[in-house]
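Required output: the full structure, derived from the provided sequences and hints.
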Amino acid sequence: MPTLADYPETFRHIRLELARERDHPEGSHHDGYDLVVPLAEDGRLDPDEWRKAQGKCRVRRFDDDLTDAVGLLARDAAGHWVFDYDRDLDGDDEIGFRFEFERFVPGEYVSVVHGGAEHTYRVAFVRPLR
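The sequence shown: position 127 = 127 (my numbering), numbered continuously.
These are computed hints drawn from the structure, not numbers from a lab. No experiment lies behind these values; they were computed from the predicted model shown. The beta carbon of each residue, even a glycine, is placed where N, CA and C say it ideally should be. A few of these clues could be false.
Quick list of simulated restraints, FRET-style, between CB atoms [to be verified]: (1) Gly116 to Arg75: 16 to 26 Å; (2) Asp88 to Pro25: 32 to 42 Å; (3) Val70 to Ala124: 16 to 26 Å; (4) Asp48 to Arg22: 30 to 40 Å; (5) His29 to Ala69: 17 to 27 Å; (6) Phe97 to Ala40: 15 to 25 Å; (7) Glu26 to Asp68: 19 to 29 Å; (8) Gly116 to Ala77: 17 to 27 Å; (9) Arg130 to Gly55: 14 to 24 Å.
Right, here's the structure in full:
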């Protein structure tokens with residue numbers, strides 16, 4: 001398991017929280033994702049840094065504040081950013097909708113396809129790892 005000193009300076013802890021939707025009219029601070037990923041200066045995912053440290057690009061999905069799944073940020077065959085929870089299964093991947101264009105800054109919204117449906121998440125915070 002890597003220590004904080006093992007992570008490049010560009011890595012950030014990003015919290016995504018479920019935005020308002022039909023079943024959650026107020027959104028939910030208790031449902032979402034924690035990402036540990038490299039960001040470029042403009043707040044976008046940094047593919048060059050990701051290539052150098054893929055195994056350190058972690059994703060944790062939480063539901064009702066409990067860890068639901070842990071995996072890696074990866075790229076699928078089409079080049080989409082995905083949350084990969086099992087390297088041997090393609091069916092468990094969750095697609096980050098247009099993540100290559102999104103800016104991960106507090107208050108922005110991003111979408112993830114989870115359980116066959118697209119859900120919107122608000123970027124709650126972006127913090128340096130150290």
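Right, here's what the structure says about each hint:
| no. | hint | in the structure |
| --- | --- | --- |
| 1 | Gly116 to Arg75: 16 to 26 Å | holds, 21 Å |
| 2 | Asp88 to Pro25: 32 to 42 Å | holds, 38 Å |
| 3 | Val70 to Ala124: 16 to 26 Å | holds, 19 Å |
| 4 | Asp48 to Arg22: 30 to 40 Å | holds, 39 Å |
| 5 | His29 to Ala69: 17 to 27 Å | holds, 18 Å |
| 6 | Phe97 to Ala40: 15 to 25 Å | holds, 19 Å |
| 7 | Glu26 to Asp68: 19 to 29 Å | holds, 20 Å |
| 8 | Gly116 to Ala77: 17 to 27 Å | holds, 19 Å |
| 9 | Arg130 to Gly55: 14 to 24 Å | holds, 18 Å |
Of the numbered hints stated above, none is contradicted by the structure.
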